[in-house]
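Assembling the complex is the task here: the two chains are given apart, and the hints tell you how they should meet.
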Amino acid sequence: MNLLSVSSPHLTRTGGTGDVMLLVILATLPGLTALTYFFGWGNLINVVWATTIAVASEALILKLRGRSLGFYLRDYSAVVTGVLLGLALPPFAPWWLTLVAVSFAIIIAKHLYGGLGNNLFNPAMIGYALVLIAFPVEMTSWIAPRSLASATGEIAPFVDTLNVIFPFHSTTTFDAMTMATPLDAFKHKGDLTAEQVWAAEAVLSAKSWMAWQFVSLGYLIGGAYLLYRKVFTWHAPISMLLTLALISAAFWLYAPNSFASPQLHLLGGATMLAAFFIITDPVTSATSVKGKLIYGGLIGLLIFMIRTWGNYPDAVAFSVLLMNFAAPFIDIYSQPRTYGHKIHK
Amino acid sequence: MASKGYQEIINDGLWHNNPALVQLLGLCPLLAVTGTVVNGLGLGAATTLVLVGSNLAVSMIRNYVPDTVRLPAFVMIIASLVTCVELLSQAFTYDLYLSLGIFIPLIVTNCAILGRAEAFARNNSIIPSILDGLTMGIGFTAVLLVLGGMREVIGQGTLFSDMNLLLGPVAEHWKITLIEDYKGFLFAILPPGAFIGMGFLIALKSLIDGKIKERHDAQKASLGVTSRRVRVTGEIK
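Going down the list, the protein sequences come from chains R and Y. Sequential numbering from -17 applies to the first sequence in the working numbering. Sequential numbering from 22 applies to the second sequence in the working numbering.
Bound conformation, chain Y alone (with noise of 0.2 Å):
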């Protein structure tokens, strides 16, 4: 573990071992809030920052805080990050703060933040742990920016609406209907509706890694065959 180096660090965080889409984690947060792309990358900034912060402190002490008590600590460390989080969005992002509601405190309990300080964290020096806390934080944005611009768009036909609530005046008119007279999908704004865009966008995950594979392995198989060609000197058919 602690001989990863920062290439395949960056890969499974973004992709490979992707929080939301392999691990599995923080869902909750993830399901509740993709409402819209705005809530989406609100979270995914907030959450981003708690792991790199978290992971970075919990590097720090590793060697001084004794397993046992370990939890504790972590907790400690990612519940005083939370809330400097919380403050900052309640002074500089109001309107997004009350709209994104408990899911700001509950990132306490995204296990996606402790599961990180657990198992990397715990176990690697800062920089790494940084660079790690960094990609995972991206890689849960990404998701959930997907997974917020898909439902908006099917839920109520608009992409990019109320982006300044976080962004600031610059993002107001960045508002797109693609949709017009849409009379609005309810149900994909719904918690059911964030289920299913959830399982088929792992479906697509799924789908890609096979089709890498696949590539990947007709590329050796026909490496294979060449090498032997090269090599054999009497009969070549």
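The following block holds chain R by itself, in its conformation from the complex (with noise of 0.2 Å):
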């Protein structure tokens, strides 16, 4: 008899870092593909850009720290960085934008906190909110969506978008329709009133305000395939669609000329980007249940007080950096009692 004894647990599962980051990369398809179907092939260059930046940025860094190369490369965390910078910054957005909020989230916002594991701040959120400080204008013009940027309802050519990113030597001009996002219109409507704003902006039009449902829907999609995959739990992601939903609602309902619709909200932005690729970061979002729940709401809270009396149009960047700051704190205050012990004061 040669019994083998094997300890428990029993029941082993695969799943290093690198799978669910793959599981996450998986999860973005469905946006990406509704954002290349609407907006043209600009985030789907912009993704590959930032990719390959990020995986660049990323080999140098663990060069210079003596790393080891393979190890660390393959748990694709810089890959998911890129992808989701790819798919924030605008569609157009030149080449030197991406490199610039790319390199510095992973060699700055993670690698000199200490790399994966050990970053206080999402690194794509830090390298987002750093363009969106410096470069302003480049940030704020979305190209507009293929039923209105021709009439024809065509996207710009592949070609033609390569040459706007990286224009190196393509003399010819390229008209693209740059437009507001629909926060964005809605935030600066002066003293229009909601119903004025929606009938006189072209972005809030059914056709071009049916894009960004889209993409959002693609979002909430792959958010949904993630939750089913058990790679995060559904209370932060909830916490803060339910917090943004009900407040947003109770002010609406409340003052529907001067607020934002929960509608607008919920799919006009980036906040189902948010919600399940952002928030849902393991390092820098609370861990504990009741903590998740509160991180995801204060983010939702603190999404639509930036929005409606902030300066910037969307605010997931900021509103997830704040919180970032605070999910250790967090923690500490919502760790469950152990059945025995009393609460640490």
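Calculated from the structure, these hints are not laboratory results. Glycine included, C-beta positions come from ideal geometry on N, C-alpha and C. One or more hints might be untrue.
Here are some of the chain R residues that sit facing chain Y, going by a computed Cβ distance under 8 Å [stated by the list, open to error]: (1) Ile89; (2) Ile90; (3) Ile115; (4) Ala116.
Have a look at this one:
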């Protein structure tokens, strides 16, 4: 008899960091597809370019820090940062904008804090906030969706888009129609009532608005898949979406003419991307169950407040970074009591 | 403390105990005004003047002011000197005075100055105190200059712009445009850019210190080996 005695756990699962990160990348595909369909090749090119820079910066800094290249590059966390930034930056963001955002995210926000697992702040959001503050003009012009970009409803050809992003040897100017995003349009409505804005702004017309809703829906589908695969728990995303929906609904019902509708809040900006891909980052968010609920809820609240009373049309990056500060603090006060022990005061 | 040699005072002020890089004092003006080289130089010169003056005065009265009331006395001295500097800069470099704004009067609250009065001038005679104030001031100014240069190059793509505000018409054409058609990197001009630039400067100093120590150790080790061999008479391998 040669019985092998193995201690528990008997059920093992595959699933290192790399597997999880690959799932996350896979889950961005519906959103990326919707973006590409409605807004042209820009975001796809951005994703590829951002990923290239992310991996190159990661390799460079790993080399400088004397770490093993193969091991750390195979956890694909740099790729995720690159992909998320590629999705978040405007489709026609020039190449250097992406370069600055991504290399800053990887080198300073991630590795100068000690690499994956030690970074206080979400690297992608740091990169985004940096370029949003430094290059406001480039960051706030978003291309018009295909229904509005041209009479025939075609998106800009691939080569032209490439020439806009990398303007090295092309002298042809390319008339891309850029316009505000729905949240931006609503933000700068001035004295108009909500009804007048919806009627006046092309970006809020039925066709254009549909494009934004489809993109958000794409992220929602990807997020639901990640939830199904148990990459993260439901607490933070649901808490964030619910808080944002309830607060915006309350204000909207109180004064429908001066506040954006819950629908605009949930589907009009980066809300879905944030709920399922940003705030679920295991490193920079709160970890206890109660903590995740508080963390997500406060991000929802901050998003509403900054969007409504702040200077920037969208608020995801700032809200997430502010709550990254608070995450360790939340964790201290939301740790469940261990059975038989007193609560730490 | 009192027996510090002049060489040591100079080394401490400029490098080993640099107010900005090591003591991390006076960071508020340091981070706020170093958007350009000229601002850095202006504030650095003003701070140096105040430092030298306050160290001199504090060292002169050190035996007459009781310890219990020394802080108000020091602050009075510093405040009067800062007022002098403020009026001087208003008289001779008015544009620079405008661009430095509140940060010239705020030199009063610069803890580097009170720190030197408290830590050095209170216990030392006049000449070492003046030297300490001067080298600390120069060390502080050097960091302001480097940080201002970094932020100006990255933020605006120029170097030494508007130097005539401080140095008069001689410096009118000193401005060097390093990058043509530069869009500007607003982040470097804003305070977060200053924090990150400061972080990199401190890291650079640690790196240099590490290298110096490494070389020193290597030298010592090699010296040790040779001297031992000299003494060995029988068995050299």
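| Hint status (Cβ of Ile89 of chain R to nearest Cβ of chain Y, threshold 8 Å) | Check failed: Cβ of Ile89 of chain R comes no nearer than 11 Å to chain Y, outside 8 Å.
| query | Does Ile90 of chain R pass the interface check with chain Y, least Cβ-Cβ distance below 8 Å? | reply | holds, 7 Å
| field | Hint validity - Ile115 of chain R Cβ closer than 8 Å to any chain Y Cβ | value | holds, 6 Å
| field | Hint check, Ala116 of chain R versus chain Y [nearest Cβ-Cβ separation less than 8 Å] | value | Ala116 of chain R check passes; min Cβ-Cβ to chain Y is 4 Å, inside 8 Å.
Of the hints listed earlier, the one the structure fails to meet is number 1.
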